[in-house]
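Engineer: Sequence:
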Amino acid sequence: MGGPLVWAVPARAVAPVRALAEGAKELCTIDDPRIDESSGLGASRRHPGIVYTFNDSGGSNQLFALGIDDCRVRAAITLGGAHNRDWEAMAVGADGYLYVGDIGDNLKDQPYSTVYRIPEPKTIRTQTVPATRYRIKFEDGSHNAETLMVDPRTSQIYIASKEFGGSLYEGPKKLSTSGYNVMHQVGDAPLYATDGAFAPDGRTFVIRGYWDAEIYTAPGKELTGVKVPDQKLGEGITYTADGRSLLFSGEGVRQPLWQGPVPKEALPSPTPTSKHRTTADGTGDGMHKGRTMLGVVIVGALALAGVVVFARRRAS
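In the numbering used here, the protein residues as written are 1 to 316.
Where hints are given, some of them may not hold.
Unchecked claim - Straight-line distance between alpha carbons at most 27 Å, and here's what the computed BS3-like set of lysine-lysine pairs gives: (1) Lys173 x Lys137; (2) Lys174 x Lys137; (3) Lys221 x Lys264; (4) Lys122 x Lys174; (5) Lys108 x Lys173; (6) Lys25 x Lys232; (7) Lys108 x Lys232.
What the hints contain is simulated information worked out from the structure, not anything from laboratory work. From a predicted model like this one, the values you see are computed outputs, not experimental measurements.
With the sequences and hints as input, model every part of the structure.
Structural biologist: See below:
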């Protein structure tokens, strides 16, 4: 997509913040004793109805796969070789990987931050998956951060710092396991950003704080605001796999998982109508019908040519 994108993300919301949309609901309660500080969310692309979460600093190096319908833990996935110093964010990439951000740095005294990546498991079961480690540095010094996003179109990572005047940083086009991956500032971030995510189609992204969330075009300007549920230390946010709803979580024991509709102006682009559906042979219905009609025309033309030839022979 060319050089670094300059994203116009205002430090404070400009568009009016909406009320919690009609249709928002509490789905279930995360009551597994292993999860007491759900700090981030990521909806699975591979497994419908599954959302991943994890514990904050000092927790295990595990992701928990929850059923969205009942918040029951379906599996605990250990990131082999990873350490949870201060895990604060995660993202589900369109490249088939899960990303976890060990990016918390309250004292801003860490020499670097870390992003771990694992392939999303093909089956939801308790298992250990070896993790790849990427060391991260910000171009302008250390930052405390709780927001990690992955652009589904480019697989580039983005981190928003959690500060009064926060910033949004873009990673390199391809992460490297050697040396440091330098994050470059590309815009401002909302007040005290606690989590964020790209929409599955990459057209928008959302960043939340404790009091509200803001949806932006990707890249571009702010599109709309969304009021978040009233939660104790509400931190997590992600899009559902279809991009039509947002999921919200909070830290603490027995915290509910909420779902709210995405405002209509931020909904994903309409899917193709049935007449443009892809058929089993990889062609669209319209193309398939076009080929059929062309075949009929050719057969008809050949038949007519045969009649003409036959008539001329009879005449001669």
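Engineer: Please go over all the hints and tell whether each is borne out by the structure.
Structural biologist: Each hint, compared with the structure:
This hinted pair checks out: Lys173 and Lys137 have alpha carbons roughly 15 Å apart, not beyond 27 Å. Taken as a hint, the Lys174 and Lys137 pair is honoured in the structure, with Cα atoms around 15 Å apart against an allowance of 27 Å. In summary, the hint linking Lys221 to Lys264 is supported, as the alpha carbons are separated by about 17 Å, within the 27 Å threshold. Distance check on the hinted pair: Lys122 and Lys174 sit about 24 Å apart at the alpha-carbon level, within 27 Å; holds.
Between Lys108 and Lys173 the alpha-carbon distance is near 26 Å, which keeps this suggested pair within the 27 Å criterion. Between Lys25 and Lys232 the CA atoms are separated by roughly 16 Å; this keeps the pair inside 27 Å, and the hint holds. Between the alpha carbons of Lys108 and Lys232 the distance comes to roughly 25 Å, so the proposed pair stays at or under 27 Å and holds.
The structure is consistent with each of the numbered hints, conforming to all of them.
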